[in-house]
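Chains as they are written, first to last, in numbering that gives the first Met the number 0: chain A, 0 to 459; chain B, 0 to 454.
In case anyone wonders, no lab produced these hints; they're calculated from the structure.
Treat the hints loosely; a few may be bogus.
Claimed, not checked - Here are some, though not all, of the chain B residues that point toward chain A, as calculated from beta-carbon distances under 8 Å:
#1 43
#2 44
#3 257
#4 259
Claimed, not checked - Take a look, some chain A residues computed to stay more than 10 Å from chain B by CB distance:
#5 185
#6 186
#7 215
#8 218
#9 219
#10 226
#11 228
#12 280
#13 297
#14 320
#15 375
#16 387
#17 445
Claimed, not checked - If you only want the chain B side, here are some residues facing chain A, beta carbon under 8 Å, derived:
#18 42
#19 46
#20 80
#21 84
#22 253
#23 256
#24 258
#25 260
#26 263
#27 419
#28 421
#29 422
Model, not experiment: these values are computed from the prediction.
Built from N, CA and C at the ideal position, the CB exists for glycine as well.
Now for the letters of each chain:
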Amino acid sequence: MTTIIEQVKMFESGESCDEYAESFIEEAKKINKKFYYFTEFCNKSSKRGGALSGIPVTVKDCICVKGVQSRASSAILNTYTPVFNASSVQKTIDEGATITGKTVQDEFGFGGFSVNVGIGFEIPRNPHDEDRVCGGSSGGSAGITAITKHAHFSIGESTGGSIVTPAAFCGVVGICPTYGIVSRYGLMDYANSLDKIGPFTKTVLEGAVALKVLAGHDTKDSTSTNKKIPDYTKITEKSIKGWKIGYIDPEGVEEPIRENLHESIQEIKESGAKTEKITLPISDEYAIPAYYTIALCEASTNLAKYCGLRYGAQEEPKGFFDEYFSNIRSKNFGKEAKRRILLGTFARQAGFRDAFYIKALQARTHIINEYKKIFSEVDAIITPTMPILPPLIKKASELTPLQSYLSDKLTVGPNIAGLPHMSLPTGKHKSLPIGLMITADHYEEEKMMTLGVELEEKNG
Amino acid sequence: MGDSIETKIGLEVHVQINTKSKLFCGCTTEEGEPNNNTCETCMGMPGAKPVTNKKAIDSVIKICKALNCEISTPSFFSRKTYFYPDLAKNYQITQYETPLGKEGFLQVENTKIRIKRVHIEEDPAALEHAGGGTLIDYNRSGIPLAEIVTEPDIRSPEQARNFLKKLINILSYLNVIVPDTTIKADANISNSKNNFIRAEIKNVTGFKEIEKALLYETKRQQEEEVTKQETRRWDGTKTIVMRSKETEDDYGYIYDSDIPKMTFTQEYINKISSSIPKLSDERIRELTKIGVSQEDAKVITQDLFVSDAFEKIAQKSNPATAAKWFRKELLKRLNADEKQIKEVNIEALTEIIKMIHEKTITEHTGRELMTKIYDKNFSPIESIKKTGATMIKDTTTLKKMCEDAIEKNPKAAVDYKKGEEKALNAIVGAVMKETKGTAKPDEVKRIIEEMLTTL
Numbered sequence: 000m001t002t003i004i005e006q007v008k009m010f011e012s013g014e015s016c017d018e019y020a021e022s023f024i025e026e027a028k029k030i031n032k033k034f035y036y037f038t039e040f041c042n043k044s045s046k047r048g049g050a051l052s053g054i055p056v057t058v059k060d061c062i063c064v065k066g067v068q069s070r071a072s073s074a075i076l077n078t079y080t081p082v083f084n085a086s087s088v089q090k091t092i093d094e095g096a097t098i099t100g101k102t103v104q105d106e107f108g109f110g111g112f113s114v115n116v117g118i119g120f121e122i123p124r125n126p127h128d129e130d131r132v133c134g135g136s137s138g139g140s141a142g143i144t145a146i147t148k149h150a151h152f153s154i155g156e157s158t159g160g161s162i163v164t165p166a167a168f169c170g171v172v173g174i175c176p177t178y179g180i181v182s183r184y185g186l187m188d189y190a191n192s193l194d195k196i197g198p199f200t201k202t203v204l205e206g207a208v209a210l211k212v213l214a215g216h217d218t219k220d221s222t223s224t225n226k227k228i229p230d231y232t233k234i235t236e237k238s239i240k241g242w243k244i245g246y247i248d249p250e251g252v253e254e255p256i257r258e259n260l261h262e263s264i265q266e267i268k269e270s271g272a273k274t275e276k277i278t279l280p281i282s283d284e285y286a287i288p289a290y291y292t293i294a295l296c297e298a299s300t301n302l303a304k305y306c307g308l309r310y311g312a313q314e315e316p317k318g319f320f321d322e323y324f325s326n327i328r329s330k331n332f333g334k335e336a337k338r339r340i341l342l343g344t345f346a347r348q349a350g351f352r353d354a355f356y357i358k359a360l361q362a363r364t365h366i367i368n369e370y371k372k373i374f375s376e377v378d379a380i381i382t383p384t385m386p387i388l389p390p391l392i393k394k395a396s397e398l399t400p401l402q403s404y405l406s407d408k409l410t411v412g413p414n415i416a417g418l419p420h421m422s423l424p425t426g427k428h429k430s431l432p433i434g435l436m437i438t439a440d441h442y443e444e445e446k447m448m449t450l451g452v453e454l455e456e457k458n459g
Numbered sequence: 000m001g002d003s004i005e006t007k008i009g010l011e012v013h014v015q016i017n018t019k020s021k022l023f024c025g026c027t028t029e030e031g032e033p034n035n036n037t038c039e040t041c042m043g044m045p046g047a048k049p050v051t052n053k054k055a056i057d058s059v060i061k062i063c064k065a066l067n068c069e070i071s072t073p074s075f076f077s078r079k080t081y082f083y084p085d086l087a088k089n090y091q092i093t094q095y096e097t098p099l100g101k102e103g104f105l106q107v108e109n110t111k112i113r114i115k116r117v118h119i120e121e122d123p124a125a126l127e128h129a130g131g132g133t134l135i136d137y138n139r140s141g142i143p144l145a146e147i148v149t150e151p152d153i154r155s156p157e158q159a160r161n162f163l164k165k166l167i168n169i170l171s172y173l174n175v176i177v178p179d180t181t182i183k184a185d186a187n188i189s190n191s192k193n194n195f196i197r198a199e200i201k202n203v204t205g206f207k208e209i210e211k212a213l214l215y216e217t218k219r220q221q222e223e224e225v226t227k228q229e230t231r232r233w234d235g236t237k238t239i240v241m242r243s244k245e246t247e248d249d250y251g252y253i254y255d256s257d258i259p260k261m262t263f264t265q266e267y268i269n270k271i272s273s274s275i276p277k278l279s280d281e282r283i284r285e286l287t288k289i290g291v292s293q294e295d296a297k298v299i300t301q302d303l304f305v306s307d308a309f310e311k312i313a314q315k316s317n318p319a320t321a322a323k324w325f326r327k328e329l330l331k332r333l334n335a336d337e338k339q340i341k342e343v344n345i346e347a348l349t350e351i352i353k354m355i356h357e358k359t360i361t362e363h364t365g366r367e368l369m370t371k372i373y374d375k376n377f378s379p380i381e382s383i384k385k386t387g388a389t390m391i392k393d394t395t396t397l398k399k400m401c402e403d404a405i406e407k408n409p410k411a412a413v414d415y416k417k418g419e420e421k422a423l424n425a426i427v428g429a430v431m432k433e434t435k436g437t438a439k440p441d442e443v444k445r446i447i448e449e450m451l452t453t454l
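Next comes chain A alone, as it looks inside the complex:
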């Protein structure tokens, strides 16, 4: 199988970009019949030449592609066709890529298994076992990245673990950079202070190539960083010799996953780095409640705009405006979206606001400080990405909301702290992939990916 880097070279020596894109779309359509990764297909490119020349790219449904129906996999956005490209999409087009389709997700990102797709959408299937989940919320992105035989990458998005979770369950590399590195312009917001865009690829180096294109300042997103973006592709020249890697060995992790973590620890030692067991007591206790409080408060305001008035699902207006809004919202939001809107609205109301929303913001600061302290001692942290192997779709759908939220235990910490983190496949149990999560300090993507490359090599 060719990588993005190899394929770009083949285009340079004469292979047809257009035919390659057609061939990818044909393959993707075939895969889609069985696995349901796509909400829309398209074929959009403007020029060739550049770091991604001719590479087919797929985009999570919540990221706007001009002229292509983009719905965050929610029925409330049925028929909505953006009039502009998200900055991340524009950047890949500017580097010569072809945008080929929109990938399915949990509605607005509300889930960890991609079983909370919106009304009228199909649940995507795990590439290694169709009865199991892909992980979420960027399930479609991870799934197609795992199966395609083409050089390709997918633009995903994470709020609380939506890149690394499906990457681990599907057995691909998912990179979630520091908050603010990739512009959120054109991303349909779940939680503005937490949303991050990042790539899914088969290998770490391809992830580095993709991230290099996506990253950088954007005047259209006031929260995007002004920092100079290093050349991530240099990671293969670096070594982890002399580094200190912290690892978290959490309780309640399925045995094959725990064993896999210890294999990774061993491999790191062999590469000449020290390892040290660490704990994050504040994060352990408060990350999940703080994360859900902040995320849902923000989500409940972000989703207010969807009311059937300006775009998306509409009906003949009847009655007073609030009856009309309620009708459209009741019919078109899925169950989990409604639950999160209600919880978020509750937590920011007068009388509760100080006890929940404001407290959660304070907790976030403490969590960040705890990580900062650890990163003054270690270069990176490793943990299993998920405590469990990909569950059966049936089982995941039957989890209570609380059980479901708790499965984000390992991924929420770096997400609420805005830290770069990635998942890479480090083993298998039977046919099911196991993912390892690497977390680094803010803006230390290079370190994170250097360790990723090292572990990737060890795992062949």
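On the provided structure of chain A, position chain B as indicated by the hints.
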């Protein structure tokens, strides 16, 4: 009995900031075809993000400083969530915990009206009810507004009017609002008779309407018993209950994390403060010191540009004469001609005022010269040289002309002698015609009267 009742009024004033583009996007703030001045951001399209207009922030900081406020730093934006068709995102980006300015005051005559807060926010779209339906124009969506909130320190509708007048005067001096902008206000009113249970009158538009609404509501509260807090609206003749409320509205404010917190250094704030021009209070003080009457000074300082022009001219001529001429002639003329002070040839105006003061010309001649005051090449001195319209100061010549006029109007002379004072006007008019207005009418009148009495 009304006299012993103490009334408390607090105002929330909304004014549009005069930036070229909207508060969070590049769309123009100019008027246009409905929904033409819009983009994904001010339409609330999914994925669009706000980018703050720095100029608008600076303008509001300027307001804060002119109203003696403390500047919040950091200051940030919040989302005020409520569902309404005019709100593109169903939340408004506004400020909650950290208004740009807080704890200021505005001195209105002898009373200090405390300013609770000054914040910046985006305007919602405009709704138009037509043909049984409602149309929405998003051109207004995202236009920057400043909200200025007072403590309930205002004691009467008259004082509220004076406060607003003063406020508008300051805002126009700062050059931060659209000229002749329509002021919008919410007012809360209560009185001692009803234990200060307050009514809030929402969204009254226009200076005069605000005062009318306050007059009505103060009177109503003095006459009626108020037992619960209410929100009312003004229909042009009376206030009507919209809803009674037990608690504050719940907008579920959260930070808008799409917009980074703003921090302002003291140096930055000082720089903005130093761009504030001398305000009218100080100018009035200065003008009265150099001999301008209080009345003239007040009129002249109503407009920054008029006031600036006056200061320039007063340096080169007699301030009192200049002030009188401004109030009695210049401002009336500008108004009648629908012109602005910046269109006036200031040098020419200075020459006219000087000649009047030095009695080289009469006010009548001055008024005639004023008709050419917008001509940039116009020189009143040259013009007078050509027409010879200098004031006749030579009494002998004037007396001779008066004698002739009496002779030519014998009937008027007889009538005047009989006691018909008005008859005098015909003779004075004849002299003025003969002199082409270069004689002082008072002087002419005095001479004729004298001649007729001694006749």
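Going through the earlier hints one by one, which of them does the structure break, listed in rising order? 5, 6, 8, 9, 13, 14, 25, 26, 27, 28, 29
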